[in-house]
Amino acid sequence: MDTTALVYKILCAHNGYFELEEMRANFSTPEDDLESVLGNQDMFTSAVFEGNKLIFAKTKMRLCRDKECNGCSNLHLCIFYLYGTCRFNEGQRCHFCHELTSEYNIRVLREHHLEKLDKRELCILLLQNDNTLLPPVCFTYNKGSGEYGYCPDKEKCRRLHVCQRYITGTCAADVDCDRSHDFYEPHPLNTLQQRGVPNELVASMLYTYRNNQPDRISKETKRKVLFLYCHTFGHHRNTFYIQYK
Numbered sequence: 001m002d003t004t005a006l007v008y009k010i011l012c013a014h015n016g017y018f019e020l021e022e023m024r025a026n027f028s029t030p031e032d033d034l035e036s037v038l039g040n041q042d043m044f045t046s047a048v049f050e051g052n053k054l055i056f057a058k059t060k061m062r063l064c065r066d067k068e069c070n071g072c073s074n075l076h077l078c079i080f081y082l083y084g085t086c087r088f089n090e091g092q093r094c095h096f097c098h099e100l101t102s103e104y105n106i107r108v109l110r111e112h113h114l115e116k117l118d119k120r121e122l123c124i125l126l127l128q129n130d131n132t133l134l135p136p137v138c139f140t141y142n143k144g145s146g147e148y149g150y151c152p153d154k155e156k157c158r159r160l161h162v163c164q165r166y167i168t169g170t171c172a173a174d175v176d177c178d179r180s181h182d183f184y185e186p187h188p189l190n191t192l193q194q195r196g197v198p199n200e201l202v203a204s205m206l207y208t209y210r211n212n213q214p215d216r217i218s219k220e221t222k223r224k225v226l227f228l229y230c231h232t233f234g235h236h237r238n239t240f241y242i243q244y245k
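For the sequence shown, position 130 matches number 130 in the UniProt record's numbering, and the numbering has no gaps at all.
FYI, nobody ran anything at the bench for these hints, they're computed from the structure. Just so you know, not all the hints are guaranteed correct.
Under the rule of at most 30 Å between Cα atoms (straight-line distance), these lysine-lysine pairs were calculated in the DSSO-like manner [stated by the list, open to error]:
#	residue 1	residue 2
1	Lys154	Lys58
2	Lys53	Lys156
3	Lys154	Lys67
4	Lys116	Lys9
5	Lys154	Lys143
6	Lys67	Lys156
7	Lys9	Lys154
8	Lys116	Lys154
9	Lys60	Lys9
10	Lys116	Lys60
11	Lys60	Lys119
12	Lys116	Lys67
With the hints as extra help, turn the sequences into a complete structure.
Given below as structure tokens:
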């Protein structure tokens, strides 16, 4: 396995990020090779947590949306198949490919050093990098009070009814907030399910949204650059602050 593919495998097996020093300690390749790979800003980015550097996985690869595409640099794959939620059995009636290991897809994955990722790891990487795969946060829900805030669509809204400040890590814990902080509440859960997101990935949505493309974050939040990350690993909850460089 080449070094870049191995780094991707490690990061995506750990929900898209890993601590640099721990990676160095467990890496069998020369440190210069690792540093060279991590220096590719199209593939990896970093953040500092209590003096420790975390490495995050990036990719320019996307899912092709053209049903008749004869060849491009993106995966030809049904997103719902990747999620495991496609209603068409084995792709018999689906317009999109259900074969991750097709000759074409293997070539694309290799070009991006992603051929060693399994379906879940690939899901995490794509969700973390492609903001078109997830519903945007509802701006009007976050204004006003009451169950739906100022959202005119209320229960029919297809945007995410979750506190924007909670997602960006700026909702103060000691302030009473009446916006949802729970992706498992009926409205946000249903919104994610309508996009095909499987239940097993809902637990990582807070982390995924916080590490998605910058246009999900308000200009005010960008200036603050301090994020509260809270993610659960098994029975252990880790809460920490990171500062983007």
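Outcome of the hint check:
1. For the hint linking lysine 154 to lysine 58, the alpha-carbon distance of about 34 Å lies beyond 30 Å, and the restraint is violated.
2. This hinted pair does not check out: lysine 53 and lysine 156 have alpha carbons roughly 42 Å apart, beyond 30 Å.
3. For the proposed pair lysine 154 and lysine 67, the alpha carbon gap of about 33 Å is over 30 Å, so the pair is violated.
4. A C-alpha spacing of about 7 Å is found between lysine 116 and lysine 9, which places the hinted pair at or below 30 Å, so the restraint holds.
5. At roughly 13 Å between alpha-carbon atoms, lysine 154 and lysine 143 fall within 30 Å of each other, so this suggested pair holds.
6. Among the hinted pairs, lysine 67 with lysine 156 is consistent with the structure: their alpha-carbon atoms are about 29 Å apart, no more than 30 Å.
7. Between lysine 9 and lysine 154, the direct Cα distance comes to roughly 40 Å. Violation of the 30 Å bound is thereby established for this hinted pair.
8. A C-alpha spacing of about 42 Å is found between lysine 116 and lysine 154, which places the hinted pair above 30 Å, so the restraint is violated.
9. Distance check on the hinted pair: lysine 60 and lysine 9 sit about 16 Å apart at the alpha-carbon level, within 30 Å; holds.
10. For the hint pairing lysine 116 with lysine 60, the CA-to-CA distance comes to about 17 Å; that is within 30 Å, so the pair holds.
11. About 17 Å separates the Cα atoms of lysine 60 and lysine 119, which keeps this hinted pair within 30 Å; it holds.
12. A threshold of 30 Å between alpha carbons decides the hint, and for lysine 116 with lysine 67 the separation of about 26 Å falls inside it, so the pair holds.
In summary, the structure is inconsistent with hints 1, 2, 3, 7, 8 from the numbered list given earlier, while agreeing with the others.
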